[in-house]
Amino acid sequence: MEGKWLLCMLLVLGTALVQAHDGHDDDVIDIEDDLDDVIEEVEDSKSKPDASSPPSPKVTYKAPVPTGEVYFADSFDRGTLSGWILSRAKKDDTDDEIAKYDGKWEVDEMKESKLPGDKGLVLMSRAKHHAISTKLNKPFIFDTKPLIVQYEVNFQNGIECGGAYVKLLSKTPELNLDQFHDKTPYTIMFGPDKCGEDYKLHFIFRHKNPKTGVYEEKHAKRPDADLKTYFTDKKTHLYTLILNPDNSFEILVDQSVVNSGNLLHDMTPPVNPSREIEDPEDRKPEDWDERPKIPDPDAVKPDDWDEDAPAKIPDEEATKPEGWLDDEPEYVPDPDAERPEDWDEDMDGEWEAPQIANPKCESAPGCGVWQRPMIDNPNYKGRWKPPMIDNPNYQPGVVGQMIEAAEERPWLWVVYILTVALPVFLVILFCCSGKKQASPVEYKKTDAPQPDVKEDEEEKEEEKEKGDEEEDGEEKLEEKQKSDVEEDGDTVSQEEDDRKPKAEEDEILNRSPRNRKPRRE
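Numbered per mature numbering (1 follows the signal peptide of the UniProt record, and there is no 0), the sequence shown spans residues -20 to -1, 1 to 501.
Keep in mind the hints are simulated off the structure, nothing from the lab. Just to be clear, a hint being listed does not mean it is correct.
Result set (DSSO-like, lysine-lysine): computed pairs, CA atoms no more than 30 Å apart in a straight line [stated by the list, open to error]:
1. K125 to K198
2. K84 to K188
3. K208 to K191
4. K71 to K125
5. K273 to K208
6. K273 to K365
7. K163 to K125
8. K163 to K208
9. K292 to K365
10. K340 to K361
11. K115 to K42
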């Protein structure tokens, strides 16, 4: 992979390296960053050496020297922004207070893990729009050579919402780097971007439709890798974009591929459109009927159908409970309530005591006017609607036509099952079947760490098997002792004494998870 790159440029925050590929004409590279609450003011703080501690070994930093055909390279080790142009433009559709690209840039060393002389482009302002650009050594023409864009980024103060991506601007007569902004025409946009918990690694290029002449952005798919670490670990990461003459591309982070594909097929929307599209001039016929069911036009409402009958009626069989207090209200004024001292009848009106539940109703089944409870009306039918029948003018879709054909020819169901249901079943079976877990003994040193202690069920099963083996061994030992005791009683006694501590020692070792013998499955 390193042989493909041809060169590698070390940067702290904003170094960009461009090498050849095929496509469009570019003559400018820029670094644009819209950071929100990201960068704190850089403070030059140097710790005083401790006299008691031994001197640390010195690390010599040497600025990288690019090799090969290089269109642009800057390591910022000179300590100046010479050759770079700060944008003085304003963002459109933004309040004047925050529309300006007035973020400050400086060349400085990193806060941590810094080497003397190793410097980079640093954003010094918080909650500001930043844009800086410079020209390539010569215009780049996409022909038969690969293009490599590579630079390093370090979010040394973290990032909340903003991007650290670069743009290769398109060569146009109207290009003015002093007025560079977010809508300046570009050919390629590449780099990290984050807002909230949405972590992105952009790769976008603008493609001109050969027929309409309109430019359209083509976006690469999201990388499969987890990008969060690159934004939160406060370490320097190398971002690389490789575009090859065969229209393939690769995106790497720290020399590891995180995304790849084809410029013609793997972008959204694709460069090459589908062979067939919906006819934009086609119109639905006026007599087109999409209803599979229609009301029966010959149906007639029955004569005894009463649409005015209520859904609920009083229960005529209900009787008023005994002890019902008809003359007592359900709520009465609170006799203990007093009018507030600041009550003004002219302003607040006539004062009335708040209502409370009638205490006389607590012991009675109810108070007030008794009314019969409501029940469902057995004669209720509601509004009459004609029954639905099959629409004779309805044209079924493909599925409907297949079902109708199968009803006429039942043998077609076998064809449907073999061509549709069987592949679906196999896919589901393949996706749902779990991968066989290897025995802990089969794991390599490079595999994920395994627990020393097995599951309780496996331990119980192994202890049971071991117990059976010990019982068989004891029985065999007793038989052997009986057969040999007449020949050499002293020898048997000595062997039994020796075997007991050895058996106990073997049992202790075998019970340890680390020395347990693997069980054959």
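Is K292 within 30 Å of K365, Cα to Cα? holds, 21 Å
Taking 30 Å as the top limit, are the C-alpha atoms of K340 and K361 close enough? violated, 43 Å
Pair hint K115 and K42, alpha-carbon separation not exceeding 30 Å: Answer holds: K115 to K42 is near 25 Å, not above 30 Å.
Does the structure keep K71 and K125 at a Cα separation of 30 Å or less? Violated, at roughly 36 Å.
Holds or violated: are the alpha carbons of K163 and K208 at most 30 Å from each other? Cα-Cα ~28 Å, so holds.
Assess, step by step, whether the Cα of K163 is no farther than 30 Å from the Cα of K125, and give holds or violated. Given that 30 Å is the threshold and the Cα spacing comes to 28 Å, the pair holds.
Compare the distance between the alpha carbons of K273 and K365 with 30 Å, and conclude whether the hinted pair is satisfied. Within the cut-off at roughly 14 Å; holds.
Given the hinted pair K208 and K191, is their alpha-carbon gap at most 30 Å? Not OK: K208 and K191 at ~41 Å, beyond 30 Å, violated.
If you draw a straight line from the CA of K273 to the CA of K208, is it 30 Å or shorter? violated, 54 Å
Agreement of K84 and K188 with the hint, judged by alpha carbon distance not exceeding 30 Å: violated, 35 Å
Has the given pair, K125 with K198, been kept, meaning a C-alpha gap of at most 30 Å? holds, 21 Å
Checked against the numbered hints above, the structure breaks hints 2, 3, 4, 5, 10 and satisfies the rest.
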